[in-house]
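Colleague: The sequence shown maps to residues 1 to 234 in our numbering.
Calculated directly from the structure, the hints in this document are not laboratory data. Since we're looking at a predicted model, the values are computed, not measured. Among these hints, one or two may not hold up.
Derived DEER-like restraints, expressed as beta-carbon distance ranges [as the list claims (entries may be wrong)]:
no.: 1; residue 1: Arg-118; residue 2: Ala-208; range: 26 to 32 Å
no.: 2; residue 1: Lys-159; residue 2: Leu-63; range: 47 to 53 Å
no.: 3; residue 1: Asp-95; residue 2: Glu-13; range: 22 to 28 Å
Glycine is no exception: its CB is placed at the ideal position from the N, C-alpha and C atoms.
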Amino acid sequence: MTTNIRCLLVDDEPLAIQLLQKHIAQLPFFEVASTCSNAIQALEILNHQPIDLLFLDIRMPSLSGLDLLKTLRNRPQTILTTAYREYALDGFDLDVVDYLLKPVTFDRFFMSVERYLRINHQPMTRVLSSSEPQFIYLKSGYKYFKLDLQEILFVESRKDYIRVITKERTIVAKYKLSDMEKELEDKGFLRIHRSYIVNRHHITSFTAAGLDIAGHQLPIGDTYKALVTATIMR
Numbered sequence: 001m002t003t004n005i006r007c008l009l010v011d012d013e014p015l016a017i018q019l020l021q022k023h024i025a026q027l028p029f030f031e032v033a034s035t036c037s038n039a040i041q042a043l044e045i046l047n048h049q050p051i052d053l054l055f056l057d058i059r060m061p062s063l064s065g066l067d068l069l070k071t072l073r074n075r076p077q078t079i080l081t082t083a084y085r086e087y088a089l090d091g092f093d094l095d096v097v098d099y100l101l102k103p104v105t106f107d108r109f110f111m112s113v114e115r116y117l118r119i120n121h122q123p124m125t126r127v128l129s130s131s132e133p134q135f136i137y138l139k140s141g142y143k144y145f146k147l148d149l150q151e152i153l154f155v156e157s158r159k160d161y162i163r164v165i166t167k168e169r170t171i172v173a174k175y176k177l178s179d180m181e182k183e184l185e186d187k188g189f190l191r192i193h194r195s196y197i198v199n200r201h202h203i204t205s206f207t208a209a210g211l212d213i214a215g216h217q218l219p220i221g222d223t224y225k226a227l228v229t230a231t232i233m234r
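Work out the full structure, taking the sequences as your base and the hints as a guide.
Modeller: Encoded structure:
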């Protein structure tokens, strides 16, 4: 993803907007393009600015969020935010991405962002902080685990799953190793085998056949030997 995802936040509660701004600030590639407190202002912004993702409150003065969506010919993808559960079916009838109940927690917010990325065929695992230390969020089962990149020792492919081995734990997730390789590109990680990606900073020794990481002996694939040796010795 080379361009930022531009978000418009529409809510008549300032604290609700501030909370969403705080959540979005943790996501590189996402930016708050504008905010406003009612649907009339939102309509004006949508007519003059490109917006990729709309966070829209439902209950607002004069014109509700649902009524706003019904008036839009080219509506952006939308995540509804509200304190009222009874509007959920109406929202999904308008083909919204998701429906968030206030107060919006980061975990639930991230699930909506993941759904948005999946709909748009973009990687679901994203680096969520551009400053050190860096983190990724990885879904395993029904939970999202926050992993410090510096703590990851290596990633192992197991058919349709990967095992992420850190200093303290192992996370199993349904994910392709090739997709994880793209996510970890230029972040100190190295593909050494069709089944392994390693954190170069944790390599303690190596030979032409394999290497050691924190007591784990991992093989080096024949097609990777030249690249691995050149990278480690660089």
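Colleague: Compare the structure with each hint and give your call.
Modeller: Consistency of the hints with the structure:
1. Taking the beta carbon of each, Arg-118 and Ala-208 are about 41 Å apart, not inside 26 to 32 Å as hinted.
2. For Lys-159 and Leu-63, the Cβ-Cβ distance of about 51 Å falls inside the hinted range of 47 to 53 Å, so the restraint holds.
3. One distance hint, 22 to 28 Å for the beta-carbon pair Asp-95 and Glu-13, holds here, with the actual separation near 25 Å.
Violation of the numbered hints given earlier is confined to hint 1; every other hint is satisfied by the structure.
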